[in-house]
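Given chain C, work out where chain E should sit, using these hints.
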Amino acid sequence: MLARFIASTIQPEGSSLVHLRQFLQVIETFLHPSNNGKWSAGLTRFLSSFVASLLWRIKNGRAYAFDHQVLL
Amino acid sequence: MDFWNVMQNIRNWDIQWMALISKYAHLPVDGIADVAITRVASRTIGEIDWEPYLPLIYSKGLASFELPVGSGQAPSFAHDFDQSFHIFMKHNKVSLHFYLFILFFIFCWFFSPPASGVPDHARSLHCLDHPTRGVIARAP
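Chains as they are written, first to last, in my numbering: chain C, 1 to 72; chain E, 73 to 212.
With the rest of the complex left out, here is chain C (with noise of 0.2 Å):
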């Protein structure tokens, strides 16, 4: 639900690209695999969701003004 969100809201412009930058940021540490917990199972799955959220949103052709340069 949540990685669906975050990839529908992803805009060149304001701020979305920031929070999320930030938000993979304080994650990361989480997914080290010597950082293994309850939490584990659950990154995994948002992360696999978001990948498949953004190539869902590149595919719909609905995103005239994401700009691939923005998330490189």
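Don't read these hints as lab results, they were simulated from the structure. Every residue gets a Cβ at the ideal spot worked out from N, C-alpha and C, and that includes glycine. Heads up, a few of these hints could be off.
Ranges between beta-carbon positions, derived for each pair [unchecked claim]:
1) E:172 to C:25: 36 to 44 Å
2) C:40 to E:169: 37 to 45 Å
3) C:29 to E:121: 31 to 39 Å
4) E:124 to C:24: 20 to 28 Å
5) E:172 to C:22: 13 to 21 Å
Just chain E, lined up with the frame of chain C:
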């Protein structure tokens, strides 16, 4: 949004808030409550300005993973719900209408298929106790 912001983070409770926001924002919501705001966002790309809601939704989303940051072990859902509801009631004058709304959304959540993931059904049913008593107490 202010009410939601002052409440403790509980994943299942946050879902109800997101559904409420979708409803009150008069957004074209369909489907079950827990995916309402996502459906709205994904079907109206570029049409709705989510900017004011992003900080809160991101922070609530992050909290839903129950990462061990700061407070250590997260308490159970039922305990969280009870505590948050009491705090919310303490700080806000709540009408019968609002109680009924809360009850409605909790019932929606319990009787939808994703609710089967609730680890302790008896304790979760306990969550219904406070709003129900609120409705009874405020009923004319």
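These are the hints, each one checked on the structure:
{"no.": "1", "hint": "E:172 to C:25: 36 to 44 Å", "verdict": "holds (41 Å)"}
{"no.": "2", "hint": "C:40 to E:169: 37 to 45 Å", "verdict": "holds (42 Å)"}
{"no.": "3", "hint": "C:29 to E:121: 31 to 39 Å", "verdict": "holds (32 Å)"}
{"no.": "4", "hint": "E:124 to C:24: 20 to 28 Å", "verdict": "holds (22 Å)"}
{"no.": "5", "hint": "E:172 to C:22: 13 to 21 Å", "verdict": "violated (38 Å)"}
Checked against the numbered hints given earlier, this structure breaks only hint 5.
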